[in-house]
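S.K.: Numbering of the sequence shown is given in full-length UniProt numbering, commencing with residue 1 and proceeding in unit increments.
Among the hints, erroneous ones may be present.
Simulated restraints on C-beta separations [unchecked claim]:
{"hint": "1", "residue 1": "Gly139", "residue 2": "Asp44", "range": "16 to 24 angstroms"}
{"hint": "2", "residue 1": "Ala82", "residue 2": "Arg9", "range": "25 to 33 angstroms"}
{"hint": "3", "residue 1": "Arg64", "residue 2": "Pro89", "range": "15 to 23 angstroms"}
{"hint": "4", "residue 1": "Ala53", "residue 2": "Ala142", "range": "26 to 34 angstroms"}
{"hint": "5", "residue 1": "Gln157", "residue 2": "Pro60", "range": "17 to 25 angstroms"}
{"hint": "6", "residue 1": "Pro89", "residue 2": "Val11", "range": "31 to 39 angstroms"}
{"hint": "7", "residue 1": "Gly139", "residue 2": "Ala39", "range": "18 to 26 angstroms"}
Keep in mind the hints are simulated off the structure, nothing from the lab.
It should be emphasised that the depicted structure is a prediction, and the values quoted were computed from it without experimental measurement.
Beta carbons are placed, not taken as given, at the ideal position from N, Cα and C, and that holds for glycine.
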Amino acid sequence: MAVDSDRFRAVLGHFCTGVAVVTAHDGEQPAGFACQSFAALSLDPPLVLFCPARRSRTWPVIERVGAFAVNLLAGRQQEVSAVFGAPGPDKFAAVDWTPAPSGAPLLDGALTWVDCTVEAVHPGGDHHVVIGRVTALGGVSADRPLLFHRGRYTVTQDAGPGLPSWPRPDDWF
């Protein structure tokens with residue numbers, strides 16, 4: 001049974017995702033793209049994953065360098081997401097950044113960052129599934145994250161009193 005790609009996108013758009021910018025630096029110029037397909041994979045060893053499109057112009061840079069940083073965006077960074085989510089010349093002209101230990105750009109104002117080396121790459125349809133080994137972590141911010149839901153940006157809200165918290169935090173991940 002064939003699944004229509006527009007319907008697939010509409011249905012999965014109901015799943016709220018965080019917004020990240022994955023970056024790398026090849027020694028000459030920085031590269032990066034906005035990414036919704038980022039997730040923690042393993043605590044031991046510390047692994048994450050992201051899924052760049054096969055047609056991505058940034059992925060070959062990351063693959064060649066062998067290292068990348070994931071910048072988790074704050075709710076106020078919608079414009080940063082829009083710049084890194086569209087093709088364009090110098091995306092880094094829109095934001096200040098500093099180098100991670102790997103040399104990958106860490107975007108000013110991000111909630112936090114994760115610096116990684118490429119551990120493995122697997123085919124995934126019209127995307128790659130990239131596994132990264134975490135080598136360094138940034139500090140954390142109390143700001144709310146930038147989220148994407150049903151084709152729009154959004155941010156979290158406090159659940160309010162009376163709603164239970166997760167009973168055993170170590171069970172979640």
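S.K.: If a hint holds in the structure, say so; if it doesn't, say that too.
M.R.: Hint check results:
no.	hint	in the structure
1	Gly139 <-> Asp44: 16 to 24 angstroms	22 angstroms, holds
2	Ala82 <-> Arg9: 25 to 33 angstroms	18 angstroms, violated
3	Arg64 <-> Pro89: 15 to 23 angstroms	20 angstroms, holds
4	Ala53 <-> Ala142: 26 to 34 angstroms	33 angstroms, holds
5	Gln157 <-> Pro60: 17 to 25 angstroms	39 angstroms, violated
6	Pro89 <-> Val11: 31 to 39 angstroms	35 angstroms, holds
7	Gly139 <-> Ala39: 18 to 26 angstroms	21 angstroms, holds
Violated hints, in rising order: 2, 5; the structure is consistent with all others.
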